[in-house]
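Since the structure of chain A is already known, use the hints to place chain B on it.
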Amino acid sequence: MRFVRREDDRLLTGQGRFLDDIEGPNQVHVRFVRSQVAHGRLDLVDVEQARALRGVFAVWTGPDIIDQVRPLGPSKADGGVFEDPLFAVLGPEAGFIRHALRPILAVDTVRYVGEPIVAIAACDPYVAEDAAALVDVIIDELPALSDPFAALADDAVRLYDWPDNVCLDLKVSTGDVNTAFAMAAHRTRRTLHSARLSCSPLEGRGVVAIPDAVGGGITVYSSTQIPHMVRDAIADGLGWPQHSVRVVAPDVGGGFGAKAIPYPEELFVPWVARTLGRPAKWVEDRYEHFVSAIGSRDQIHDIEIALDRDGTILGVRDHFVSDVGAFSPLGVVQPYNTAAHLAGCYRVPNLSIHMTSVVTNKPPLSPYRGAGRPEAVFAMERIIDIACREHGFDPSDVRRSNAITRDEIPYSVGIPYRDGRPIVYDSGDFAGCLGTALDLAAVESDPQPNRGRPVGFGIACYVEGTGIGPFESAEIDMLEDGTVIVATGACSQGQSHETVFARLAADVLGISADRVILVGGDTAATSFGWGTLASRSAVNAGSAIRRASENIARQVTDELCSLWEVAPEDIVFADNRVSVAGTPSISMSWVDVIARFSPKFGTPDATRNGLSASAHFVPETVTFANGAHVAKVAVDTETGQVEILDYVVVHDCGPLLDEEVVNGQIEGGVAQGLGAALFEDLAYDDNAQPLNPNFIDYILPPASEMPDVRIHHVETRSPLNPLGIKGVGEAGTIPVAAAVLNAIDHALRDQGVEVHRTPASPKMITALLAKGRQS
Amino acid sequence: MNFSAETDMHLDVEVTVNGVRVRRSIDARMLLIDFLRVELGLTGTHNGCSYGVCGACSVLVDGVPARSCLALAVQLDGATIETIESVSQTQRGSEILETFSRCRGLQCGFCTPGIVMSLVELDRRSPSPSPDEIEDTIDGHLCRCTGYVAIKRAAHEILGDVEP
Numbered sequence: 001m002r003f004v005r006r007e008d009d010r011l012l013t014g015q016g017r018f019l020d021d022i023e024g025p026n027q028v029h030v031r032f033v034r035s036q037v038a039h040g041r042l043d044l045v046d047v048e049q050a051r052a053l054r055g056v057f058a059v060w061t062g063p064d065i066i067d068q069v070r071p072l073g074p075s076k077a078d079g080g081v082f083e084d085p086l087f088a089v090l091g092p093e094a095g096f097i098r099h100a101l102r103p104i105l106a107v108d109t110v111r112y113v114g115e116p117i118v119a120i121a122a123c124d125p126y127v128a129e130d131a132a133a134l135v136d137v138i139i140d141e142l143p144a145l146s147d148p149f150a151a152l153a154d155d156a157v158r159l160y161d162w163p164d165n166v167c168l169d170l171k172v173s174t175g176d177v178n179t180a181f182a183m184a185a186h187r188t189r190r191t192l193h194s195a196r197l198s199c200s201p202l203e204g205r206g207v208v209a210i211p212d213a214v215g216g217g218i219t220v221y222s223s224t225q226i227p228h229m230v231r232d233a234i235a236d237g238l239g240w241p242q243h244s245v246r247v248v249a250p251d252v253g254g255g256f257g258a259k260a261i262p263y264p265e266e267l268f269v270p271w272v273a274r275t276l277g278r279p280a281k282w283v284e285d286r287y288e289h290f291v292s293a294i295g296s297r298d299q300i301h302d303i304e305i306a307l308d309r310d311g312t313i314l315g316v317r318d319h320f321v322s323d324v325g326a327f328s329p330l331g332v333v334q335p336y337n338t339a340a341h342l343a344g345c346y347r348v349p350n351l352s353i354h355m356t357s358v359v360t361n362k363p364p365l366s367p368y369r370g371a372g373r374p375e376a377v378f379a380m381e382r383i384i385d386i387a388c389r390e391h392g393f394d395p396s397d398v399r400r401s402n403a404i405t406r407d408e409i410p411y412s413v414g415i416p417y418r419d420g421r422p423i424v425y426d427s428g429d430f431a432g433c434l435g436t437a438l439d440l441a442a443v444e445s446d447p448q449p450n451r452g453r454p455v456g457f458g459i460a461c462y463v464e465g466t467g468i469g470p471f472e473s474a475e476i477d478m479l480e481d482g483t484v485i486v487a488t489g490a491c492s493q494g495q496s497h498e499t500v501f502a503r504l505a506a507d508v509l510g511i512s513a514d515r516v517i518l519v520g521g522d523t524a525a526t527s528f529g530w531g532t533l534a535s536r537s538a539v540n541a542g543s544a545i546r547r548a549s550e551n552i553a554r555q556v557t558d559e560l561c562s563l564w565e566v567a568p569e570d571i572v573f574a575d576n577r578v579s580v581a582g583t584p585s586i587s588m589s590w591v592d593v594i595a596r597f598s599p600k601f602g603t604p605d606a607t608r609n610g611l612s613a614s615a616h617f618v619p620e621t622v623t624f625a626n627g628a629h630v631a632k633v634a635v636d637t638e639t640g641q642v643e644i645l646d647y648v649v650v651h652d653c654g655p656l657l658d659e660e661v662v663n664g665q666i667e668g669g670v671a672q673g674l675g676a677a678l679f680e681d682l683a684y685d686d687n688a689q690p691l692n693p694n695f696i697d698y699i700l701p702p703a704s705e706m707p708d709v710r711i712h713h714v715e716t717r718s719p720l721n722p723l724g725i726k727g728v729g730e731a732g733t734i735p736v737a738a739a740v741l742n743a744i745d746h747a748l749r750d751q752g753v754e755v756h757r758t759p760a761s762p763k764m765i766t767a768l769l770a771k772g773r774q775s
Numbered sequence: 001m002n003f004s005a006e007t008d009m010h011l012d013v014e015v016t017v018n019g020v021r022v023r024r025s026i027d028a029r030m031l032l033i034d035f036l037r038v039e040l041g042l043t044g045t046h047n048g049c050s051y052g053v054c055g056a057c058s059v060l061v062d063g064v065p066a067r068s069c070l071a072l073a074v075q076l077d078g079a080t081i082e083t084i085e086s087v088s089q090t091q092r093g094s095e096i097l098e099t100f101s102r103c104r105g106l107q108c109g110f111c112t113p114g115i116v117m118s119l120v121e122l123d124r125r126s127p128s129p130s131p132d133e134i135e136d137t138i139d140g141h142l143c144r145c146t147g148y149v150a151i152k153r154a155a156h157e158i159l160g161d162v163e164p
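Chains A and B are the protein sequences, given in the same order. Position one of the first sequence corresponds to residue 1 (the numbering used here), numbered consecutively onward. Position one of the second sequence corresponds to residue 1 (the numbering used here), numbered consecutively onward.
If you're looking for bench data, these hints aren't it; they were derived computationally from the structure. You may find that some hints are simply not true.
Stated by the list, open to error - Simulated DEER-style distance windows between Cβ atoms:
#, chain 1, residue 1, chain 2, residue 2, range
1, B, Arg-29, A, Pro-470, 47 to 55 Å
2, A, Met-1, B, Val-22, 25 to 33 Å
3, B, Leu-11, A, Glu-480, 49 to 57 Å
4, B, Val-22, A, Ala-442, 55 to 63 Å
5, A, Ala-770, B, Leu-11, 51 to 59 Å
6, B, Ser-130, A, Glu-638, 23 to 31 Å
7, B, Arg-124, A, Gln-242, 49 to 57 Å
8, B, Gly-41, A, His-243, 28 to 36 Å
9, B, Arg-29, A, Arg-10, 29 to 37 Å
10, A, Lys-763, B, Ser-128, 33 to 41 Å
11, A, Ser-612, B, Ser-130, 51 to 59 Å
12, B, Arg-124, A, Gly-239, 54 to 62 Å
13, A, Pro-92, B, Arg-29, 53 to 61 Å
Said to hold, decoys possible - According to the in silico footprint, chain A covers these stretches of chain B (three or more CB under 8 Å from chain A):
#, stretch
14, 46 to 56
15, 77 to 88
16, 104 to 116
Just so you know, even glycine gets a beta-carbon here, dropped at the ideal spot from N, CA and C.
Chain A on its own, in the form it takes in the complex (with noise of 0.2 Å):
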């Protein structure tokens, strides 16, 4: 069989290894009991009759282990890294931040439904689950927050001991928003909200903490996008040093952000292994994923625009407000995403941005695909939209207008990005993306009803900073037989980067790719990592891959050039070997040419070191990728469904590395945009019960209701990277929602309907189009 991924000859032929295909002998399994409460007092937890029953090996309360388990601060990814170039930048009359350390295990106080309370080891998952079930937790009930509006009130229950429940206030602005709106001719003023979603990988977390068999070490298997960030967690929160834990990503299930912090689980289960000396296993259930994995949007726009009389923009002011729920690993990524993002392919020239984050008895939230961005769109294109059908502007018009053209790169935004540098645009037509679009999508201002159904078109345009640091890495090591082992922080979670990234390194150096093996995410096998997220791998792991890859054909043409006396231009790699151009008899074998760097007698060399090269990637700052999508939509009036007749994607990420590759990526974010768009909405009660944690009851896009997407790809060369090229992880998901509910609202343009939130369920249309028909 030939198969055209690397990862596809053991993903296809049930030899793949995701994290519960892994086992170690006489592994422990663990299970969580979780809170069912939002939040309240432990009064009791009695987990006697669960010890005592045959195949418990532990049980384990938050006293017990608080002393031995760190609780958890906020991620790496946030506390300092990009915390404090940013609050440097901003000064601290911009606003604060606020971190709340959270608990393995719950000890005094739980904050909402799903933390765990009890841990529980046993020999198999059943006796664990039947474990769980005799454990009895008794709990004081305090009033729950579920609205971040009602956690904002003077006389709400505070989650910490703080004065209030906001755990991040920060003020970002350019220009002089208060003169542009009092000389504006046009204002628009809405509320807009995206809803809460569930990233929803198709393979949960989980965790297989392994004592090495000889050593002293661990070894922990982690479905996880940060492998060395996870074992960074692990050794400060358990006091190990870092030297003793290895952390291994395997076949990983999809993360999208769900897998991109360091959990409680994660630093508990190798404690367990250590703790009862084997092996230890916990894997996540669906509806653990949908309590204790990270939720994410949730973001309420206060937002106002402001138009000259021939529809420029003049200003935009925003207040959002973010339901972090109990805890926020990311504190400031999301909301700063958002501001940094909102702006978007439009001249702004004055900007006012007040983000608040509010702790209510939610889930911990955390960046999922898009990261803010698809918030900082839906707020600014729906109010464009509205703006423009109260002011009687033409959307494309306008946007057409007011896009950045590609004379105006480079362009700088005039506020700081999340790394502390200003934001400057630096490739791209945006303009052009827009144009392109239109043209393919064959935008109409007033479409033909489509079977009886009225018809609309929706635009949206985006910009999103990639490939953020602050580095990855890259090591390459040639063995003798003439395997290259390219090792990097960056794992895969379906990106392909076994194929990918192997043919960056094949490429430089004249070798065939399946000769090339990449491991990626073993902290074994670089010292330094980051991770997969935020649309950075491929800018970041592959020019590290790209330079570490040249280092090793500058050591062997300096060998090569006085070995044969060339000049260093002369050296060519190719065709499995390196010869010298033009004079074919001169040539060496890559098993020969490897021989030449390995220590042997009679070498006494100290250069003989083998052949080897590292290379870290540090970008200056993050590249821009930008795009337009528009979608046409018919709507039932009837029972309030949409259907997408149409779908384009216009983007710009620079040279494709592999077209498919890229196309999968924006297929994939764009099913996922959707699923926000018309379906999908994670929902509490009033005391914060989750009331669909479930994939019966949260709807995740079918293949029925995916449209074909029809992919036009602008490539601009990135000057930040040697590659040129700018990240496409999320792209596709962030201007879905803002696109296919302005073209919802463009369809209903006749019967009085606006659309303000999240998803556009038929119930949500069907409602809307009752109140139309009344006013």
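Leaving out everything else, chain B in the frame of chain A:
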């Protein structure tokens, strides 16, 4: 893993899995998916939700797609079971897998085994399925990576209503 040590309800079960007859004495409550994955080491079948919605755990039982997370292994005494591990053993199965790969019908690969098993069954049952039949089949599965576009493309190529 030892499912049977702590309860006393052992039952014998004999099934043919991927052409091999196996007999085990197992805990009565063991699910088929755990029987395949843990007892037999066939870990290609994946558990995505454990209540029959996502389809990742789909296998063929006597030639018919079944959610292995919803069946007790002891219910299947005498049955013939096929899992993803068997697909590459036949010429047609290999073609299906190659087409799936060529069309980029998978990214992370977690949902893939279930989808492949459903397509294997549709391919046997229906010589020229309609687009609706194909879509209905894929609709029995959740995929979070591909947006289904490439899966549909692969399915249409496999099932012969478009030229490769």
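Tested hints:
Checked against the hint of 47 to 55 Å, the pair B/Arg-29 and A/Pro-470 passes, with Cβ atoms roughly 50 Å apart. Between A/Met-1 and B/Val-22 the beta carbons are some 26 Å apart, a value that agrees with the proposed interval 25 to 33 Å. Between B/Leu-11 and A/Glu-480 the beta carbon distance is about 55 Å. The supplied range of 49 to 57 Å therefore holds. Taken as a hint, the range 55 to 63 Å holds for the pair B/Val-22 and A/Ala-442, whose Cβ atoms sit roughly 59 Å apart.
At roughly 57 Å, the beta-carbon separation of A/Ala-770 and B/Leu-11 lies within the given 51 to 59 Å, and the hint holds. Our hint of 23 to 31 Å for B/Ser-130 and A/Glu-638 holds, since their Cβ atoms are close to 27 Å apart. With their beta carbons about 53 Å apart, B/Arg-124 and A/Gln-242 fall inside the hinted range of 49 to 57 Å. About 33 Å separates the C-beta atoms of B/Gly-41 and A/His-243, a value consistent with the hinted range of 28 to 36 Å.
Roughly 31 Å separates the CB atoms of B/Arg-29 and A/Arg-10, a value that falls within the hinted 29 to 37 Å. At about 39 Å, the beta-carbon gap between A/Lys-763 and B/Ser-128 stays in the expected band of 33 to 41 Å. The given range of 51 to 59 Å is respected by A/Ser-612 and B/Ser-130, whose C-beta atoms sit roughly 56 Å from each other. A hinted range of 54 to 62 Å holds for the C-beta pair B/Arg-124 and A/Gly-239, which are about 58 Å apart.
At about 60 Å, the beta-carbon gap between A/Pro-92 and B/Arg-29 stays in the expected band of 53 to 61 Å. Only residues whose C-beta sits within less than 8 Å of a C-beta in chain A count toward coverage, and the stretch 46 to 56 of chain B has 9 of them, enough to reach three; the restraint holds. For a cut-off of 8 Å, the count of residues in the stretch 77 to 88 of chain B with a CB near a CB of chain A stands at 5, and the three-residue condition holds. Counting residues of the stretch 104 to 116 of chain B whose C-beta lies closer than 8 Å to any C-beta of chain A gives 10; at least three are required, and the coverage claim holds.
Of the numbered hints listed earlier, not one is contradicted by the structure.
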